[in-house]
Structures are given as C-alpha cells and as structure tokens.
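The opening position of the sequence shown corresponds to residue 1 in the UniProt record's numbering, with each subsequent residue numbered one higher.
Don't read these hints as lab results, they were simulated from the structure. Accuracy of the hints is not assured; some may be wrong.
[Unchecked claim] With a cut-off of at most 25 Å between alpha-carbon atoms, the simulated BS3-like pairs for lysine-lysine come out as follows: (1) Lys-10 with Lys-24; (2) Lys-166 with Lys-99; (3) Lys-166 with Lys-154; (4) Lys-89 with Lys-10; (5) Lys-69 with Lys-166.
[What the hints assert, rightly or not] Label-pair restraints from in silico Cβ distances: (6) Lys-24 with Val-177: 34 to 40 Å; (7) Asn-9 with Lys-117: 51 to 57 Å; (8) Asp-23 with Phe-95: 37 to 43 Å; (9) Lys-69 with Tyr-116: 17 to 23 Å; (10) Asp-23 with Val-91: 46 to 52 Å; (11) Val-177 with Gln-64: 18 to 24 Å; (12) Ile-158 with Glu-71: 34 to 40 Å; (13) Arg-52 with Glu-181: 54 to 60 Å; (14) Ser-122 with Val-177: 49 to 55 Å; (15) Glu-71 with Pro-44: 38 to 44 Å; (16) Gln-93 with Asn-118: 52 to 58 Å; (17) Met-161 with Leu-68: 31 to 37 Å; (18) Lys-69 with Asp-162: 55 to 61 Å; (19) Asn-9 with Ile-112: 34 to 40 Å.
A quick note: this is a predicted structure, and the numbers were derived from the prediction, not measured. For glycine and all other residues, C-beta sits at the position ideal for the given N, C-alpha and C.
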Amino acid sequence: MSKVKSKRNKNVIPVDSFMYVIDKLRADQTKRFWRCRRKDLSCPARIHTAARIEADTALTSMRQRAVLKIEHTSCVINEYVNGLSDAAKGVLQSFEALKRQVRRIRNNKIAISDVYKNYSLSIGINEIFLLADSGPSNERILIFGRPLGLELLKDSKIWYMDGTFKVAPTPFSQVYVILAEFLRGVHPAIYALPPNKKEQCRFIYLLFKVTVIVQ
C-alpha cells in the first residue's frame with residue numbers, strides 16, 4: 001500500500017480514488033487506522049495497516065530509492081523510517097543493519113562509467129585510471145591511479161596512507177590515498193574507495209592489489 005505526502009508533509013494513502021489520513025493507533029500498537037479525509041462529505045470509510053505490512057512497504061520503497069537516488073545512506077533510510085508507527089519500527093532491523101542493506105544493494109548495482117575508467121591527458125591520449133575493482137559485493141573496493149603514480153610508488157622507499165570520510169561518494173564510506181615520497185616531497189599516487197571502516201578489509205585488499213599493480 002503506497003503513501004504520498006500531503007501539502008503539510010503528512011502521510012496520505014490513496015485507495016480507489018479516495019485519500020486516507022491517519023486517524024489513530026490501536027492500543028496494542030499493532031495496527032494503524034486511517035480515515036477518509038473528505039470530512040465535507042461525512043465519509044465513514046476506514047482502512048487499517050498492520051505493522052508488518054507497513055514496515056515491508058517502507059523497506060520496498062527504501063530499496064528502490066537506494067538504487068535511483070545518489071544521496072547519503074542515512075537519508076535514504078530516514079526518508080521512509082521516520083514516518084512509521086512505533087509498531088512498524090519495532091519489526092524493522094536495527095539502523096546499522098538497514099545501512100548495510102542499502103550499501104549492499106548499491107554495491108551490487110554500481111556500473112562504472114567509461115568516464116571514470118580512463119584518464120584523458122588530451123584529445124586522443126588516454127590512460128587507464130581504474131586500476132582494480134573487487135567486484136559486486138558488500139565489501140566492494142575501487143582503486144584509481146595513473147601510470148605516473150605507479151612509477152612513483154615503485155621508486156619510493158616510503159609510502160604514506162591517509163583517508164577522509166567527508167568527500168566519499170555514495171555508497172562508499174571513505175576516500176583513501178596512498179602517497180609516495182619523491183624529490184623531497186610527498187605526492188598522491190593511488191586513490192581508493194572502500195565500502196566501510198573495516199581496517200582488515202581495507203588494508204589487506206589495498207596492499208595486495210597495489211603491490212601486484214606496482215610490480
């Protein structure tokens with residue numbers, strides 16, 4: 001049962017050309033009752049939604065939005081969870097579990113455009129930019145870099161690693177950078193997009209792939 005928003009941003013359910021607004025919640029909080037909003041017609045029509053159905057409907061909409069919209073994971077979840085009854089919220093998974101679900105859906109649906117696979121120095125001159133892709137999964141990692149950066153890593157005796165969470169594109173959680181020491185300076189050589197903050201997942205894959213690439 002789908003919902004739309006009223007002018008006052010309240011949930012409204014359309015059924016057979018009639019619009020229903022929230023009336024009350026049953027005492028045990030397992031059902032929510034809705035009344036026809038045509039008060040001017042003294043319409044007696046009522047419908048009800050069960051907690052499980054209400055939750056499943058929200059989850060379906062959340063999954064669809066996760067694929068269609070490029071926005072923060074928490075925003076996708078809050079859009080559909082905040083308006084649920086306490087009973088419907090009670091049958092949902094934890095917030096962290098919902099975040100993992102959204103990320104998993106997005107990781108499995110990501111299609112890397114050719115624009116990001118190659119780096120163009122000038123017209124007609126292209127370099128491979130996407131160096132590694134761990135493949136569709138909940139732990140997907142992408143690694144980007146230019147041949148020049150790989151040469152810097154190969155010739156450098158010291159590598160530095162750093163990351164930031166603020167500019168990470170959805171659905172990834174971090175932009176991670178490997179830098180090389182060269183000519184008395186430190187230069188960014190490789191950029192990685194890990195899916196989460198798991199140290200083991202990130203470092204094992206990054207170090208293995210970068211070592212193979214540089215060789």
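Outcome for the supplied range 37 to 43 Å, where the beta carbon pair is Asp-23 and Phe-95: Violated, since Asp-23 and Phe-95 (Cβ atoms, about 28 Å apart) do not stay within the stated range.
Is it true that the CA of Lys-166 sits at most 25 Å from the CA of Lys-154? violated, 29 Å
For Lys-89 and Lys-10, compute the direct alpha-carbon distance and say whether it is at most 25 Å. Holds. Lys-89 to Lys-10 sits at ~18 Å (cutoff 25 Å).
When you take the CB atoms of Asn-9 and Ile-112, is the distance between them in 34 to 40 Å? holds, 37 Å
Go ahead and decide if the range 52 to 58 Å is satisfied by the Cβ distance of Gln-93 to Asn-118. violated, 40 Å
For the hint 51 to 57 Å, verify it against the beta carbon of Asn-9 and that of Lys-117. violated, 41 Å
Given a hint of 49 to 55 Å, does the C-beta separation of Ser-122 and Val-177 actually sit inside it? Given a distance of about 25 Å, which is not inside 49 to 55 Å, the answer is violated.
That 31 to 37 Å hint for Met-161 and Leu-68 (C-beta), does it hold up? holds, 34 Å
C-beta pair Arg-52, Glu-181: status relative to the range 54 to 60 Å that was hinted: At 58 Å between Cβs, range holds.
Is 46 to 52 Å a correct range for the gap between the Cβ atoms of Asp-23 and Val-91? violated, 21 Å
Pairwise hint evaluation, Lys-24 against Lys-10, where the allowed Cα distance is 25 Å at most: Holds - the C-alpha atoms of Lys-24 and Lys-10 are around 14 Å apart, at most 25 Å.
Measuring from beta carbon to beta carbon, are Lys-24 and Val-177 in 34 to 40 Å? violated, 55 Å
Hints 3, 6, 7, 8, 10, 11, 14, 16 and 18, counting from the list given before, are not met by this structure.
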